[in-house]
Every structure is written in C-alpha cells, then in structure tokens.
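A.B. asks: Spelled out, the chains give:
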Amino acid sequence: MRQTIYAYPWDLVRMGVERSMQEIADAGIAAIDLAASYHPIDALSPRDGVDLFTSARGAVHFPARQERYGRIKPHVHSAEVAAAWPEAARHAGKLGIDLNAWTITLYQPWIRDAYPDSARVLPTGDRSGSGVCPANDDVREFLVTMCDDFVDQFGVSLVRLENIVPIFDFDWLRPRILVTVPPLARTLLNLCFCGACTGKAAAKGIDVERLRTTVTDAIAAEIDEAGASASADRATALAADSELQAYAADFVNASTELVAAIAAPIKGKARISANLSASYTALLGAEKENALIAGFIDACDQLALHPADPRNGAFARMAAAASPPREISALMPLTGAGPAGPGRFGSAEARSKEVIEMGATELSLYNLGLVRQRDIADFAAAIARDYP
Amino acid sequence: MRITSYTYPWDLAYMGVETALQRMADDGIDGVDLAATYHPIDSLSPRAGVRMFSDARGAVYFPARAERYGRIRPHLHSKELCAVWPEAAAHAEKAGLALNAWTITLFQPWIRDAHIDCARRLPSGDPSGSGVCAANEDVREYIAALCDDVVDQFGIDIVRLEGVIAHMFDLDWLRPRALVTLSPLARTLLNVCFCDTCTANARTAGLDPERLRSLVNEAINAEIADGPSDRSAERTAGLAADPELRAYVTRYVQSSIDLTRIVRDRLGGRARISGNAATPYGALLGSEAEDGLLAQFVDVADQIAMHPANPHGNRRVTEINARAPAPRELSMLFARVQVNSASTHGQGNAEEQMASDLDEAATRGADEITLYNYALLRDGDVADFVGAVRKAFPAG
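Residue numbers (our numbering), protein chains in the order written: chain C, 1 to 388; chain R, 389 to 784.
Since the hints were derived computationally from the structure, they do not count as laboratory data. Even glycine gets a Cβ: it sits at the ideal position worked out from N, Cα and C. Some hints could be false.
Said to hold, decoys possible - Covered, in the sense of this in silico footprint (three residues per stretch, anywhere, with C-beta under 8 Å from a C-beta of chain R), are these stretches of chain C:
#1 44-53
#2 219-225
Stated by the list, open to error - Not everything, but these chain R residues come out facing chain C in the computed CB check (under 8 Å):
#3 428
#4 430
#5 514
#6 605
#7 761
Just chain C, same shape as in the assembly (with noise of 0.2 Å):
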C-alpha cells in the first residue's frame, strides 16, 4: 500500500523542511502532497510547540511567476512560506519521495474578493463568499497557468486538484442556517447562475430565467414545506424538465472540462487526481449522471476518495471501470490515531481497512503538522505490516 502524506508549506518552514521531509522517508512514505494554493484556514499544529497559523481569504503558498498569468494573477501569501516548494522539491529528489501538489482549485475567496464576477452565484442571485465558478474562463485560465507553473518547476508528480466540482455551502463561515434544507433543496442550490453558467446556457438557447424562477420557487417550497411526498411530486417535476437537466449537466461538464484543461499541458509531466462531491442525481437521474461522472474520471488519472461519502463504494467501482482502471487514492484523516481518538471521519484504521476493500491503492494522511510525529509513524507502520 502507497502512502503519501499532506503537509502544509508553513508547517514545513516551522519545522525545518529538511528534517520534515526526512521525517516522511524515515516513516516510509512515499510522497508529499505539499499544499500550492490553500483556502482560508485557521490550524494549529502542535508540532515543536502549539502554533496556529491563520489565513483569512487563501493564497497560492508557492512562488508563482506572476508574468505568466491572465487577469487572474496569484495572491502569494508570502516569500517565507513560498520558499518551503524549492527547498521541499530538493530534499524529494534527494530523498526519492515524490513531490505532490496539493490545489486548491474553486475555495479561493481571495479570487472572488478581487474579482466578483468569478464568484458562483446562487439561484437567488446572492454570491458565494467563498467559491468561484469553474466555467468562468478567468478562473480556468488561473488554475490551469498555475499548474503549468508548480509542474514547469518543481517537476511535480501528482496535481491534487481538491473540490473541482463545487458545494454551495461547503465551509462557510461561521454558517447560520436555522431551517432544514432538504436534499433537494441542496442540489439546487448547488446550481451556479453566475454570468458565465448563464452565458453560456442562454447561447444553447436556455431560457435561464425561466429556469432561474423555477428554481427559487423550488427551493422555497423545499424549505417553507414539510413532507417527502411533495419533495418526491416536485423533485419528479424538475427531472422532467429537460432545459434544467441541460443545465445541471453543463455545470458538472464545467469540472470536467477544467480538469481536462489542467491536464493538457502537463501531459506527460504529471498526473492528475481530483475528488467528486455534489451530486445532481435528483435532477439527472443515475444513469445520466454516472454517465458525467465517468467523464470526470475519464479526466483524471487518479480518483480521490473522501472520508465518509456514502458514495465511495459507486465511485471506486465506476473508477475500476474506466479504460484504463483509475488508481484510488483515498484521504486519510488521522484524527482516530493515537490519543485523538475517532473525529467525525471514524478511526482511521476502519477507515482504511474500508477503502483498501474498495480498491484503494494509495492513502494520503492528513496531515504532517497537524499531529504528532509518533501518530504518522505509528499509523504509517501499522499499514505497511497490514498491506504490504
């Protein structure tokens, strides 16, 4: 069993990126998943003493070469931090561990606070605070330039691209959300109406606004109204519609045709891996959908699995399908290791032991800084002797 390790670029800088990426090679793992671009985050390690490191809208933490992008042009958080990637990328080769890029691809609030017209939009009209839209050829054009630019240099095995296909609510701050909203209510708030999802869609000849209202109404219903049979009749409803299926479906082929755009040029140089999270099914119905998400995998050259989707098992199966099968890659949260005792994502050993039945081939723990040094030794040891 392949192990890698994510790891923060600041956690490196505090401890000594040296000595950090010996760490991993002394551990036997064998590659670090090294955070390019991250989200807003507030972590603490307590690693060499408690530290708390804190960002409020993301950065890119590499030293992005600004001349080489488009409109969009990376918000580096700073030079200290950015100097972990050299440093970390000598030491791999030196050490012979791979040098993953773990992205952060559409949780960029500091790209939808200096350009809002790459913010997703709901079907209220009210922009996310903190995700831009994958069909907007801006954000594409960044993401796509900014792993050109870690690939071209720090010869990059692996791009992690994390939550490519969006959530509407997907770590909100500081969320208030008083009333239930029911799945299907989800699904539909996951829809993006930003300028470009409608630009788009209006040049198929979609009547955007029409689907607009027929959303809002939807959602309110979904909300104000109790009962899973009025939810069922109105789900029913919507699937028959087929300009809202073409809709839906443009938005999932919006995260495929961003992968494919990354993968483009560094063809042959890295690979690529990505994750799925929302689902449409309500709307497209399985088949359809399984057909878009065999796309997304198609994509890909590794499929990543997150701690406690219900849907893994479909997924790892749709993966062994594909011409070629895709590696599995599962995340592995380590918060059931040691004294941390099991997180919200259960222990991880069961964690294991259920995606390794999955397929997976390779578990990428979570997270260099944010645990002891003895649990990532221990849980790295007792996978090597159970999966050899």
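Using the hints provided, position chain R relative to the given structure of chain C.
C.D. replies: Okay, now just chain R, sitting in the frame of chain C:
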C-alpha cells in the same frame, strides 16, 4: 415575560424594514435586537425567497460617525445596510417595539487586520486570526465610543454586549484544522492572552509574564503529548497553586469586566447593558475566586444573559445575582427553535427541547426570552415560538 428577537440588518433590508418590524410586533415580539456590529458570517434566510448573506471579516452595520472615534475607526459595511438602522429606529417606535443594539465586541477580525497589535495572542505568541483583546486601550475606547454612538443616535433600550469575555480561544475559527485532542486544561490555558497589553499590565503589577508564558506553554505541550491521562489533574493542581498564574488569569477576566464598566460609564444610564457572566478559568481559580469574578460581571451589567444549555452555570449566576444588593434582570437566549415538530424536517425533539428550555427559563426566573434569530426562521416557526412562550408564561 418579555420576548425580543435577534435580527440582522441585511435581512430587514431584504424583507422591507417597516414590513418586517410590523410583522414582529404582530407576532407578539416586544423588542428587536438589531445587529449594530457583526462578525464574519455566511447566513441563509428563508424569508423573502431564500437569501444568502456573506461577510468575510465582520463590520459595523449602523451609520457610525467616524469623527467620534479614536485610533480604531469603524469599518462600515455599506451605506445601503447602514441605512436600515435609522429606518428601524423610526418604525420600531411606531410598531411599539423596543430597539436593542446587538453588539459583537471582541470577535471583530477587521479590527485585528487593521490593528494587529490589538489582537489577542496565544501563549505561543501567535496572534488570533479573529479576536481582539479586552485589555487593549484602543479596543476599549473604540467599543465605548461605538456604544455611545449607537445609543446617542437611536435611543436604544438595551446594549447587548456579546463576547466580552474571550471564553474560547478557537471560537468560530475559519475552517478550523485542529486534529489533536486538546484536554480541558490545554484549552483553558490556550484561552489566556499574552498580547503586549496583557503582558505589560502584568509587569506593572509585579508579575513575570515570561515565566508564566513558559509555564503555560510547557503545560499545553505536555497535555498534548500525554493525551488523556491522570497527569492532567495533577498538572492542573500544580498550576492552580501558582499565585502569579492565578493573578494573571484573574487580571485577564477583569479586563472584560473593566470593559463592560467602561461602556456602562460612557452610556451614563442612557441605555441598559446586557452581558454574560462567565469565566473559562474555574480550574485554575477555584470556585470561590471565580464566584467573586462572576459577582463583578453581575455588578457591571443591568441584565445578565443566560443560555438554557448551561443549567449549572445559570444556577450559579442566578444565586450570585440573588445575593446582589440590587439583583439584575435575567434574559435567556433561545436558539434553533422550531416548535412545530411537523415543520422541523425530522428534528423530532424540537418540542421536547423547547419545553425543557422554557422550564429552565422558569426555574431561573428569567424576565426576558430572546429568540435567535427572526429572519433565519420561517414565519410559522416564530409564531409557534411566541405561542409556546405565552402559553408557558401567561400574562399577569
């Protein structure tokens, strides 16, 4: 029983200020707790069609008059939203609603961003990503001026000071990433601020903040390294026996009491002050010393705000309040209420929870129940809530 309801200015703007306030009055609500300042938020309202509001670093939501402030100048959200306040003041009076200023105090990341020296600092030396320190003179001056400003402009009944005591070091962190288990002792110690103001004040009082910082950091690190163990109790006892640490922690709590007092003095009786009485340092201070601090919190406020999920703390505070020369009014916050179980989408315990919370309010002798939050709930949920309160506390 008086009923008030928290409300966001942006939701009043969506719904129409006059319409929304009249509906509140018609629903049987007696007062509106309108946000004068707010922290970062992504909120979703089911009113007036579903609406989302997002704000990344917090802001001031009334037309604060910049010239009245010192070094920290209010960061206004937008003219459009600030315009809600004067309109709300006018219509609240017409509708017979009291107007209260819901005031987020220390959880104001925009202040921290603009004035990093105001940030709370963890024992590790790292500045908080969101919170400012109650001991900081600029923060104190700003909050006092802000409360004075809102009261002066709008004839406020109660200023609700939220979060004057930084009781959790990791309160509402942004996408928090803390994978190790932090023991109660480690959490308590991480709450202690080591900003320049706190350490300088400590030096002036003859304490050695550098020794204390080392002591605290060593204990935090040991707690994390050990994980859950019997050594935590032993370590707690050792720290609690350190008079300097006790004095340092006491000063930190008192800085929040002082801040409340400064606001009260600035208002000079033009509006009442509501606040919490709590400290996160019982393990270090012991119950007698902690009771003394709670009594001071009670003394500087006109009203004590409680939460039904904390019956032990409520009992303690109400007992202290009862012994005060002039016992303060008591308020109880009700959050996540959806009384009609048929409309709770499977939250089957809502009715039981409501009954339990009402019982807690009755047991503690609450004078006021505060609903969180008018526009985050559906119209029917609010009507059901008011009906349940009126049934439990009939008029007269």
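A.B. asks: Run every hint past the structure and note whether it holds.
C.D. replies: Now for the hints, and whether the structure bears them out:
Coverage of the stretch 44-53 of chain C by chain R holds in this model, with 7 residues showing a Cβ closer than 8 Å to a Cβ of that chain against a need of three. Coverage of the stretch 219-225 of chain C by chain R holds. Counting CB-CB distances below 8 Å, 4 residues qualify, and the rule asks for three or more. A distance limit of 8 Å between C-beta atoms decides the matter here; for residue 428 of chain R the minimum to chain C is near 4 Å, and the interface restraint holds. The interface hint given for residue 430 of chain R is met, as the beta carbon of that residue sits about 3 Å from the closest beta carbon of chain C, less than 8 Å.
Of the supplied interface hints, the one on residue 514 of chain R holds, with its beta-carbon coming within about 4 Å of a beta-carbon of chain C, less than 8 Å. Evaluation of the residue 605 of chain R hint against chain C yields a held restraint, the C-beta minimum of about 6 Å falling below 8 Å. Among the interface hints, the one on residue 761 of chain R holds; its C-beta lies about 7 Å from the nearest C-beta in chain C, closer than the 8 Å criterion.
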